[in-house]
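K.L.:
Numbering of the sequence shown is given in this note's numbering, commencing with residue 590 and proceeding in unit increments.
Just so you know, the hints here were simulated from the structure itself, not pulled from any lab data.
Mixed in with the good hints, there may be bad ones.
To be verified - Derived DEER-like restraints, expressed as beta-carbon distance ranges: (1) Gly645 x Ala743: 22 to 28 Å; (2) Ile689 x Glu598: 19 to 25 Å; (3) Gly645 x Pro675: 14 to 20 Å; (4) Lys659 x Thr702: 14 to 20 Å; (5) Glu686 x Ser646: 18 to 24 Å; (6) Glu703 x Met770: 33 to 39 Å; (7) Gly768 x Glu613: 17 to 23 Å; (8) Asn595 x Arg651: 19 to 25 Å; (9) Glu686 x Lys616: 31 to 37 Å; (10) Leu685 x Lys616: 17 to 23 Å; (11) Gly645 x Asp739: 16 to 22 Å; (12) Cys759 x Asn595: 30 to 36 Å; (13) Met770 x Ala612: 15 to 21 Å.
Unchecked claim - Pairs of lysine-lysine residues, derived as BS3-like cross-links and limited to a Cα-Cα distance of at most 27 Å, are as follows: (14) Lys617 x Lys662; (15) Lys735 x Lys602; (16) Lys616 x Lys659; (17) Lys735 x Lys693; (18) Lys617 x Lys602; (19) Lys659 x Lys735; (20) Lys602 x Lys745; (21) Lys663 x Lys693; (22) Lys745 x Lys617; (23) Lys735 x Lys747; (24) Lys617 x Lys659; (25) Lys745 x Lys663; (26) Lys602 x Lys693; (27) Lys693 x Lys596; (28) Lys596 x Lys662; (29) Lys747 x Lys662; (30) Lys659 x Lys602; (31) Lys745 x Lys735; (32) Lys616 x Lys602; (33) Lys596 x Lys663; (34) Lys745 x Lys662.
This one's a predicted model, so the numbers in the text were calculated from it and none came from an experiment.
Glycine residues also receive a C-beta, built at the ideal position from the N, C-alpha and C atoms.
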Amino acid sequence: MEEKINKREIRRKILRQRDSLSAEARKKGDILLTERILGHQWFYRSEYFLCYVNYGSEISTRDILTEALKAGKKVYVPKVLADKEPEMAFFRIDALEDLITGYKGIPEPAGDTEIYSYTPDRAEQSLMLMPGVAFDPFRNRLGYGKGFYDRFLADKAKLQLRTIAAGYRCQLLDELPAGPMDIRPCQIICV
């Protein structure tokens, strides 16, 4: 119970800090992240690109998504499928204009296109860029509390090796609480 409260407090504190970043700091971070991802060997070598669409004060992925589409990559973005227990799937998009307002106001695909289908071979040609609230040097990632990415990646070992979590420098902490169900991204980039 204490860990849950601690995670909730960390989320509140970091989201306040992220929300209060200046427009200049945001723009600088967005540009730096775009440069780091577009120059990353995993991006360069990937055929399949799974990427969140930024929402609220999250670090922007829109230029990265645009460049991935221009480069001819198969681009997939998450959509929350709201059944009894909401889960997440990645649907292919051909343009950012394909996005609609979805779960909790987050831009997502309509859900009528190809779904990313995991195979170990396909995972080796994939890159996943994932959001988060907070990160630490031990590759722990604190999400928004629903476990969507943890559940999506749980049975995809090869894809776990092609994950990068991204955020602003203010989201990097010395250490985060982590549980056995938490999937650690392979790399974290905080700019």
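K.L.:
All hints are to be evaluated individually against the structure, with a verdict given for each.
P.N.:
Hint check results:
no.: 1; hint: Gly645 x Ala743: 22 to 28 Å; verdict: holds (26 Å)
no.: 2; hint: Ile689 x Glu598: 19 to 25 Å; verdict: violated (33 Å)
no.: 3; hint: Gly645 x Pro675: 14 to 20 Å; verdict: holds (19 Å)
no.: 4; hint: Lys659 x Thr702: 14 to 20 Å; verdict: holds (18 Å)
no.: 5; hint: Glu686 x Ser646: 18 to 24 Å; verdict: holds (23 Å)
no.: 6; hint: Glu703 x Met770: 33 to 39 Å; verdict: violated (28 Å)
no.: 7; hint: Gly768 x Glu613: 17 to 23 Å; verdict: violated (37 Å)
no.: 8; hint: Asn595 x Arg651: 19 to 25 Å; verdict: violated (33 Å)
no.: 9; hint: Glu686 x Lys616: 31 to 37 Å; verdict: violated (23 Å)
no.: 10; hint: Leu685 x Lys616: 17 to 23 Å; verdict: holds (18 Å)
no.: 11; hint: Gly645 x Asp739: 16 to 22 Å; verdict: holds (21 Å)
no.: 12; hint: Cys759 x Asn595: 30 to 36 Å; verdict: violated (19 Å)
no.: 13; hint: Met770 x Ala612: 15 to 21 Å; verdict: violated (37 Å)
no.: 14; hint: Lys617 x Lys662; verdict: holds (25 Å)
no.: 15; hint: Lys735 x Lys602; verdict: holds (18 Å)
no.: 16; hint: Lys616 x Lys659; verdict: holds (22 Å)
no.: 17; hint: Lys735 x Lys693; verdict: holds (12 Å)
no.: 18; hint: Lys617 x Lys602; verdict: holds (22 Å)
no.: 19; hint: Lys659 x Lys735; verdict: violated (32 Å)
no.: 20; hint: Lys602 x Lys745; verdict: violated (31 Å)
no.: 21; hint: Lys663 x Lys693; verdict: holds (26 Å)
no.: 22; hint: Lys745 x Lys617; verdict: violated (33 Å)
no.: 23; hint: Lys735 x Lys747; verdict: holds (23 Å)
no.: 24; hint: Lys617 x Lys659; verdict: holds (23 Å)
no.: 25; hint: Lys745 x Lys663; verdict: holds (19 Å)
no.: 26; hint: Lys602 x Lys693; verdict: holds (21 Å)
no.: 27; hint: Lys693 x Lys596; verdict: holds (20 Å)
no.: 28; hint: Lys596 x Lys662; verdict: violated (36 Å)
no.: 29; hint: Lys747 x Lys662; verdict: holds (19 Å)
no.: 30; hint: Lys659 x Lys602; verdict: violated (37 Å)
no.: 31; hint: Lys745 x Lys735; verdict: holds (18 Å)
no.: 32; hint: Lys616 x Lys602; verdict: holds (22 Å)
no.: 33; hint: Lys596 x Lys663; verdict: violated (35 Å)
no.: 34; hint: Lys745 x Lys662; verdict: holds (21 Å)
Violated hints, listed in ascending order, are 2, 6, 7, 8, 9, 12, 13, 19, 20, 22, 28, 30, 33; each of the other numbered hints is respected by the structure.
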